[in-house]
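Asks: This is what each chain is made of:
2 protein chains.
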Amino acid sequence: MIERLAVIGVGLIGGSLARALRREGVVGEVVGCGRALANLEQAVELGVIDRFTQRPDEAVAGADMVFVAVPLGAMRGVFSAISDRLDPGAVVTDGGSVKGSVVADAMAAFKGVPPSLVPGHPIAGTECSGVEASFAELYENRRVILTPLPETDPDALSRVTAMWETCGAEVTCMSVAHHDEVLAATSHLPHMLAFGLVDSLARMRENDAIFRYAAGGFRDFTRIASSNPVMWRDICLANREALSAMLARFGVEMTDLAESIRRADGEHLLEIFERAKSARDRYVDSAR
Amino acid sequence: MIERLAVIGVGLIGGSLARALRREGVVGEVVGCGRALANLEQAVELGVIDRFTQRPDEAVAGADMVFVAVPLGAMRGVFSAISDRLDPGAVVTDGGSVKGSVVADAMAAFKGVPPSLVPGHPIAGTECSGVEASFAELYENRRVILTPLPETDPDALSRVTAMWETCGAEVTCMSVAHHDEVLAATSHLPHMLAFGLVDSLARMRENDAIFRYAAGGFRDFTRIASSNPVMWRDICLANREALSAMLARFGVEMTDLAESIRRADGEHLLEIFERAKSARDRYVDSAR
Ligand SMILES: NC(=O)c1ccc[n+]([C@@H]2O[C@H](COP(=O)([O-])OP(=O)(O)OC[C@H]3O[C@@H](n4cnc5c(N)ncnc54)[C@H](OP(=O)(O)O)[C@@H]3O)[C@@H](O)[C@H]2O)c1
Ligand SMILES: NC(=O)c1ccc[n+]([C@@H]2O[C@H](COP(=O)([O-])OP(=O)(O)OC[C@H]3O[C@@H](n4cnc5c(N)ncnc54)[C@H](OP(=O)(O)O)[C@@H]3O)[C@@H](O)[C@H]2O)c1
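Which chain is which? The protein sequence lines are A and B, in order.
Following this note's numbering, the numbering of the first sequence begins with 11 at its first residue and continues without gaps.
Following this note's numbering, the numbering of the second sequence begins with 11 at its first residue and continues without gaps.
For the record, the hints were derived by calculation from the structure and aren't laboratory data.
No residue lacks a Cβ here, since even glycine has one placed at the ideal position from N, Cα and C.
Treat the hints with caution; some may be incorrect.
[Unchecked claim] These stretches of chain A come out as covered by chain B in the derived footprint (C-beta under 8 Å, 3 or more residues):
| # | region |
| --- | --- |
| 1 | 98-106 |
| 2 | 194-204 |
| 3 | 207-214 |
| 4 | 248-257 |
| 5 | 272-279 |
[As the list claims (entries may be wrong)] Residues of chain A clear of chain B, computed beta-carbon distances all greater than 10 Å:
| # | residue |
| --- | --- |
| 6 | Arg61 |
| 7 | Arg169 |
| 8 | Ala268 |
[Stated by the list, open to error] Restraint ranges, calculated between C-beta atoms of paired labels, are given here:
| # | chain 1 | residue 1 | chain 2 | residue 2 | range |
| --- | --- | --- | --- | --- | --- |
| 9 | B | Glu281 | A | Gly99 | 41 to 47 Å |
| 10 | B | Ala114 | A | Cys138 | 43 to 49 Å |
| 11 | A | Arg259 | B | Ala118 | 37 to 43 Å |
Just need the whole structure built from these sequences, with the hints factored in.
Replies: Here is the structure:
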């Protein structure tokens with residue numbers, strides 16, 4: 011049971027956590043925090059939070075669980091604002107898409123690793139933002155990755171694990187560096203390809219015709235290019251190293267593919283496409 | 011009304027056309043043609059075709075409409091087999107994803123452009139193949155591009171147009187070269203990115219973990235990597251020039267993006283992502 015949950019950043023990720031915990035009846039009071047009044051007022055109307063403040067330090071007063079779900083670029087400021095205002099015994103966790111930067115931000119703000127900090131990342135989301143996009147089912151049957159540090163209090167870890175399990179998620183732990191590499195490959199790189207593809211088509215002379223003849227596959231393929239640009243700028247900056255490495259690896263793959271097309275090497279193309287198809291089919295089967 | 015329709019290649023595309031025309035009651039007899047007996051027998055069982063032969067020249071005997079829906083690499087062989095066996099007055103059209111190569115294949119087989127040939131391409135499909143994947147609704151509210159040549163008989167063009175409209179499709183005409191460029195951008199390039207991405211992840215050391223933590227967006231983004239590898243090898247070879255140009259354009263875009271990440275140029279990244287998001291959102295709105 012969480013007595014008082016503080017949600018800093020009441021958007022898709024923060025709002026959905028509050029909704030899920032409320033639906034399960036495992037939270038007493040939910041205090042929201044953000045900058046725009048309209049979003050916070052809507053959060054109260056929707057029953058996602060009980061009350062709000064625009065000051066993170068006020069939001070965490072008396073909270074036994076603090077969930078920070080602001081864009082990565084705002085993490086350090088939030089941590090600095092709350093670092094000496096937390097209740098003893100309060101657990102702090104977050105939903106940021108990159109973990110190395112969040113840990114660095116926390117260390118800078120808290121002057122060291124706070125044992126009550128459990129860095130986390132729910133592998134769930136949509137391309138929509140704000141509290142109105144949030145829904146209680148977002149985390150059902152999804153994975154949440156926690157990246158506890160050597161200093162992390164085991165009790166804090168188990169409280170955060172239990173919180174996510176209550177939302178229907180499956181919790182896995184891994185190191186910060188491994189998380190950032192895996193996510194660079196499976197999420198950050200695909201987003202770069204989708205943004206890059208749509209942008210390069212949008213910049214073509216006859217881009218109206220181009221988009222007019224795009225088929226169904228194009229809609230699915232580019233869905234993630236409708237994601238929040240600020241959030242993605244922050245992710246790129248926060249996960250620069252791992253993402254740059256993945257982009258370079260992908261660049262080598264595409265150079266090889268382009269070369270095979272230029273020299274009409276059908277055999278090599280077939281090999282690439284078959285390997286990709288069987289990996290994708292295996293992935294979908296195992297995700298069932 | 012079509013008295014006798016010959017479908018050479020009774021797979022997703024050919025089977026779906028036959029189903030749609032039958033449902034509308036605008037076709038007398040449907041003769042199927044392919045290599046594997048099992049697929050053809052299944053096509054009869056499913057009621058997609060009335061009878062079959064494994065010889066294209068036999069299939070077109072007495073047909074007033076011939077639809078060629080084999081992989082691009084098999085087009086030339088089919089055209090050669092039927093070139094002097096067509097009924098006078100028969101119209102020939104196809105569903106190949108690249109039009110330049112189909113026209114070249116037809117010219118080689120027919121020794122010139124046959125006036126009865128109407129090259130075409132339905133902008134509809136799924137990642138599945140074979141007659142069992144076919145369905146009558148595939149072409150509803152989808153576009154079909156026809157690329158008539160100066161030599162094309164206007165009556166043949168209008169018969170093919172009417173046939174597709176009966177299936178619920180909207181028909182547009184454009185030049186062969188324009189078709190191949192537009193499709194390189196909206197379909198062939200995205201497929202290369204999806205195949206390339208999945209292949210480069212599949213080749214990573216810890217690829218099990220990689221795929222395990224892929225989220226919902228990944229499934230949609232990579233759906234097209236489950237497409238038929240032979241069909242895509244053929245498309246790459248058939249549309250080499252336009253696709254190479256698009257790959258080069260995309261390469262420049264990605265180099266710029268990777269450079270911006272490396273030098274932490276958040277402003278430029280935001281500009282790219284915002285332009286892409288607004289183009290993608292506009293595309294989805296206009297597709298509604
Ligand atoms: N969307 C996804 O698919 C996804 C998935 C997993 C993890 N994440 C991570 O989850 C976090 C939140 O993403 P989201 O999708 O929920 O975004 P969102 O819907 O835009 O929500 C973010 C919320 O944070 C608030 N906020 C922004 N700056 C703030 C600040 N300085 N102080 C307090 N509140 C602030 C925003 O409200 P105001 O603008 O009114 O302040 C907004 O309501 C990000 O770190 C992201 O990387 C996202
Ligand atoms: N799938 C799409 O999304 C899509 C969309 C638009 C256009 N197209 C185009 O449509 C055409 C067919 O694609 P599809 O998706 O329908 O593929 P499919 O489901 O694999 O069907 C192709 C059919 O052609 C037959 N075939 C192959 N080689 C042949 C030959 N030499 N002689 C006679 N039949 C032969 C195959 O049967 P056997 O192996 O038994 O011969 C198979 O039933 C391709 O040119 C493709 O570029 C596809």
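Asks: Please check whether the beta-carbon of alanine 268(A) is more than 10 Å away from every beta-carbon in chain B.
Replies: Non-interface label fails for alanine 268(A): nearest chain B Cβ at 5 Å, not farther than 10 Å.
Asks: With a C-beta cutoff of 8 Å, work out whether three or more residues of the region 98-106 of chain A approach chain B closely enough for the coverage to hold.
Replies: violated (count 0)
Asks: Between arginine 259(A) and alanine 118(B), does the beta-carbon spacing fit 37 to 43 Å?
Replies: Hint holds: Cβ distance 41 Å, inside 37 to 43 Å.
Asks: Establish whether the coverage given for the region 207-214 of chain A by chain B is satisfied; the threshold is a Cβ-Cβ distance below 8 Å, and no fewer than three residues must meet it.
Replies: With 8 residues closer than 8 Å to chain B, the region 207-214 of chain A meets the three-residue bar; holds.
Asks: Just double-check arginine 169(A) for me: nearest Cβ-Cβ distance to chain B has to come out over 10 Å.
Replies: For arginine 169(A), whose nearest Cβ neighbour in chain B is about 23 Å away, the distance exceeds 10 Å, so it holds.
Asks: Please test the hint of 43 to 49 Å on the beta carbon pair from alanine 114(B) and cysteine 138(A).
Replies: Cβ of alanine 114(B) to Cβ of cysteine 138(A): about 46 Å, so the range 43 to 49 Å holds.
Asks: How about the region 272-279 of chain A: do at least three of its residues have a C-beta closer than 8 Å to a C-beta of chain B?
Replies: Our answer is that it holds, as 4 residues pass the Cβ test (under 8 Å) against chain B, meeting three.
Asks: For the region 194-204 of chain A, does the count of residues with a C-beta closer than 8 Å to a C-beta of chain B reach 3?
Replies: holds (count 9)
Asks: With 41 to 47 Å as the target window, see if glutamate 281(B) and glycine 99(A) comply at their CB atoms.
Replies: Taking Cβ atoms as reference, glutamate 281(B) and glycine 99(A) lie about 45 Å apart, which means the hint holds.
Asks: Looking at arginine 61(A) again, its CB stays over 10 Å from all of chain B?
Replies: Its Cβ never comes within 10 Å of chain B, the nearest being 32 Å, so this holds.
Asks: For the region 248-257 of chain A, count the residues whose Cβ lies under 8 Å from any Cβ of chain B; is that count three or more?
Replies: holds (count 4)
Comparing the model with each earlier hint shows violations of hints 1 and 8; every other hint is respected.
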